Amino acid sequence: MFSFSKSLVAASSKPLILGILQEGTSYGYAIIQRVKEISSGKLEWSDGMLYPVLHRLEKEKLIASQWMQSEEGRHRKYYSITELGKQSLHEEKANWHSMQEVMEALWSINPSTSNS
Amino acid sequence: MNLEKKIKDWRKSLRSQAHLSDGFVEELEVHLRDAIEGGIDRGLDPEEAFDTAVKGLGDITAINQDERLALTNSGKSSLLLPDLLKNFFKVNGRQFRKNGLLNGINLAGLTVAFTATFFIGLFLHDELSFERHHPNAENTYRLSYEHTSETGVIEERAFSSGMWIDVIKDRVPAIDETMRFMQISYGYIENQATNQFFYEEGIYWSDPNFFDFLHFPLKYGNKEDQLTNPNSLVVTEDIAQKVFGMENPIGETLRFVRNGIVVNFVVTGVIFNPASNSHFQPNYVAQLEALQGIFGEQQRGWITKNPEPGWVYTYVKLRESGNQEQVATALQEFWNNAIPERAEFMEPLLTRLTDIHFQPPIKWEIDTPIAMSYVYGLIVIAAFILMIAMTNFVNLITAQASKRQKEIGLRKTLGSTRKQLRLQFFLESAGLVMLSMAVALGLTYLLLPQFNDLIEKRIDLAIVLSNPAIRTWFIILMISVAATAGAFPALYFTRKVTKSFNLNQFFKPEKVNARGRNSLVILQFAVAITLIISTVTVSNQLQLINNGKLGTNREAVVGIRTTRMGDTNQIQRFRNEIENFSQVASSTLGMHLPRLSDFGSINTRYFAPDINNEPLYWNKFDADGDFPKTFDLEFLAGRDFREDYDLNSLIINESAVKELNLSPGEAIGLVLKEDSINYVFGQSDGVVIGVISDFAYETVRKKIEPLVICANTRVNGALSVKLGPGNKQAAISQMGELWAEIYPGRPFEYWFLDYEFGRLYSQERRLGKLIPLFSGLAIIIALFGLFALTAYVSDLRKKEIGIRKVLGCSNSGILRLLSWQYLRTILIAVAIAIPLAWYGMDYWLENFTYRVNISLLVVGGSVLFVLLISLVTISLKSLKAANANPVDSLKYE
Chain F
12 MFSFSKSLVA ASSKPLILGI LQEGTSYGYA IIQRVKEISS GKLEWSDGML
62 YPVLHRLEKE KLIASQWMQS EEGRHRKYYS ITELGKQSLH EEKANWHSMQ
112 EVMEALWSIN PSTSNS
Chain D
551 MNLEKKIKDW RKSLRSQAHL SDGFVEELEV HLRDAIEGGI DRGLDPEEAF
601 DTAVKGLGDI TAINQDERLA LTNSGKSSLL LPDLLKNFFK VNGRQFRKNG
651 LLNGINLAGL TVAFTATFFI GLFLHDELSF ERHHPNAENT YRLSYEHTSE
701 TGVIEERAFS SGMWIDVIKD RVPAIDETMR FMQISYGYIE NQATNQFFYE
751 EGIYWSDPNF FDFLHFPLKY GNKEDQLTNP NSLVVTEDIA QKVFGMENPI
801 GETLRFVRNG IVVNFVVTGV IFNPASNSHF QPNYVAQLEA LQGIFGEQQR
851 GWITKNPEPG WVYTYVKLRE SGNQEQVATA LQEFWNNAIP ERAEFMEPLL
901 TRLTDIHFQP PIKWEIDTPI AMSYVYGLIV IAAFILMIAM TNFVNLITAQ
951 ASKRQKEIGL RKTLGSTRKQ LRLQFFLESA GLVMLSMAVA LGLTYLLLPQ
1001 FNDLIEKRID LAIVLSNPAI RTWFIILMIS VAATAGAFPA LYFTRKVTKS
1051 FNLNQFFKPE KVNARGRNSL VILQFAVAIT LIISTVTVSN QLQLINNGKL
1101 GTNREAVVGI RTTRMGDTNQ IQRFRNEIEN FSQVASSTLG MHLPRLSDFG
1151 SINTRYFAPD INNEPLYWNK FDADGDFPKT FDLEFLAGRD FREDYDLNSL
1201 IINESAVKEL NLSPGEAIGL VLKEDSINYV FGQSDGVVIG VISDFAYETV
1251 RKKIEPLVIC ANTRVNGALS VKLGPGNKQA AISQMGELWA EIYPGRPFEY
1301 WFLDYEFGRL YSQERRLGKL IPLFSGLAII IALFGLFALT AYVSDLRKKE
1351 IGIRKVLGCS NSGILRLLSW QYLRTILIAV AIAIPLAWYG MDYWLENFTY
1401 RVNISLLVVG GSVLFVLLIS LVTISLKSLK AANANPVDSL KYE
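Note that the protein sequences, when read in sequence, are chains F and D.
One gets this note's numbering by counting positions in the first sequence from 1 and adding 11 to each.
One gets this note's numbering by counting positions in the second sequence from 1 and adding 550 to each.
Calculated directly from the structure, the hints in this document are not laboratory data.
Here the structure is a predicted model, which is why all the values come from computation and not from measurement.
All C-beta atoms, glycine included, are put in the ideal place defined by N, C-alpha and C.
Errors might be hidden in some of the hints.
To be verified - Quick partial rundown of chain D residues pointing at chain F, CB under 8 Å, derived from the structure:
id, residue
1, Leu578
2, Val580
3, Ala585
4, Gly606
5, Leu607
6, Gly608
7, Asp616
8, Leu621
9, Asn637
10, Phe639
11, Val641
12, Gly643
13, Ile1029
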């Protein structure tokens, strides 16, 4: 089965989480589900690893958290993106875009290195 | 299905496996539940759903590691997390309260020490910054001359002639700007509006550029409008208040009256009171031109037309330094032409303005210079004070180490790193030091007026601190002091305690740090004893200088200025009448004492034809027959002048007899011939009828020179009145009333001789107050430290004392035990201090012609004093410990 390398997963975790939280406040389990959904299952994290990342982002003040009662009555810790987080996401986006352009430029000149 | 139980077990194992925060565990549990629900929704049975969910979470150890990494390495993770910091403050607060007395003493000592250091710093800053605030001060020079006498004695003098600079200004292109001023005595200021008279000093008669040349900011008035015409007058804030009773007297009028000649003035400006770090201390500034009128028609132009050196102070600003030679050469050339017969005895003298304060005083110097030995002495005292207080501080902080070992152990167990502990102790100590500095700064500000009064200065904290360099240095110094005080305990604690936390140390706390602390106590006491010995010796020496041996009851002699009072009969009338006053013991008319040499040359050439034909360059002093009586001079041989003033009689001093190699008895009957071109009051060849012991009639910085006292009824410089016991002020006002009757409108000007004499030594007088004050403080701080330390140690050894008592030790045995430990320490300190003080004082005393000996009494007394005080301190505390009921100290275990 297709899977991303560990380092690539780690590198992409920040823009991914920030991007998902940009869509709206969410909690750990839901974030994992959303990741699976948008990557069509290609990107599968070990669920527990999400939390340290969330905590780190929170410590960096990119996201904020709050314990809240959900509609079905479960007590959950909800995360939302901060202004600083939005800025950071903006930068991340730009970085990933330029990275993509670099790769595409490389492969269009030198198609043999491409595996398509 | 026991899903709940499975979840509970999982949670338990999670907690036991990893050190995760409660919040995180809960968060993971919620996740697990969501995942299980998701599994069930997908059609799994609960058990399968649980297993899948747990598997999905992944390796807990790895998560835990990630979590730790996320929380410590990312972002601005610091040594002190906010919570930790809060905890530190809490613990510190408790710690402080727990040893309240100890810490109180510690902080009080430290604060006093910082305050004292700040004051010493302010004093030294004032002394060392002399004249630096004047524009282009480093290229400004005072122009005067050096005089060589016929005997080859070189004397530097501060005066010049007003003519010199006019002549050479155009010849030397290096001269940028010049300024002259004069101060003349014997006149008074009259405020006609209020009909008040003021005898004033510090009246500067100056070239009009005074306020450009020097830095004297105006409080009222424009700089351009000052000294524009001979009627302009500028006064200080103080004079405005004193003479006019108002803050801004611009436009008010005044008269200056001297010998019946009147100069009218209009006030055009008010300057701020002169800063104390300058030898220019004007009260009034007027034009030099205005003074011309006072000398009358005959002497008009005398100031600027006479090539002979007179009472003029001349200053020049050079375009660049290194051109002094050109000025000197031009001046010498002028002398060679204008006053050839004097020129060979004269040498130009250019003294840099900023150097004047640091040179030995020269003749007619208006500055009161400071000897660098005092500067160094004060720096040493300040360093000693700081050292003692810091030693106290470190001592008392580290003394608490044993008590705090439990705390440190606990902190370590709970995961504090050594770095964090070190930082904790550093912040704790440095914080206390900073706090005490802040309090000291406030105290300095509050006490500055009193300090200024004490040392007769005008130090302004705002002006001192407005200098950015001083601010920077001050902050650097303060931070480094705080850092030093903080680093010591921090390193001590972490090294001693965190490295090896073993039981052995835990149960023998006293052993851990006794040696280090003892050496600090030794240091402290060595310094204190050195200071006491030095202080007493310095005080004795200053006393010797201040008292100057000018009669034993100097404070009871009042001088009254009688110069140029015209008719001598009136003076005689005044004198006859006051001698009837009950409080007046005797009076004598003579030359101005004690500032004799300021009022003319007293050097005279004598011959003693009976012995040989060598000229004797002795000092001559004219006085009437009541002089020896009024000043209680001690006769070594011969007798006093007779009642009928035998004008041929002479009294000489001991130094004169020694120079002739005679004994006092052999000198009686000796004939002395005066050979003076200057003599005014008649031939004083005479016969020696008495020999008196030496007394200081000039500054005692110089050796007492041979002196001839001639009986002379016609001198009228000053009337010295010896007062008997009783209210001196009453006697003075009585004399003042009589004066007003005999000399209506003439100021009655008097001075106490001791005060006047003290003015010759104002610097010594100042230091005579400062040095004992600050040394005293240092000693008190040292004793504070000893007291606190003894208190602490006896507290620490309560249990030991209790056990000893239970096992049969007597109270006196306990006392001996506790006292001996500290006495031994102090005795070592004594052994260090004595040679130190001895050597230091011996070195310092070499500056003086007349000096006290370092007496064994002083040394012994100082040591005894310290021993006694420490014994009392120790006994007080030890007695309490010894007398305590052992049950109280033992019952807890």
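Now the hints, each set against the structure:
| no. | hint | in the structure |
| --- | --- | --- |
| 1 | Leu578 | 7 Å, holds |
| 2 | Val580 | 5 Å, holds |
| 3 | Ala585 | 6 Å, holds |
| 4 | Gly606 | 5 Å, holds |
| 5 | Leu607 | 4 Å, holds |
| 6 | Gly608 | 3 Å, holds |
| 7 | Asp616 | 4 Å, holds |
| 8 | Leu621 | 6 Å, holds |
| 9 | Asn637 | 20 Å, violated |
| 10 | Phe639 | 23 Å, violated |
| 11 | Val641 | 26 Å, violated |
| 12 | Gly643 | 29 Å, violated |
| 13 | Ile1029 | 32 Å, violated |
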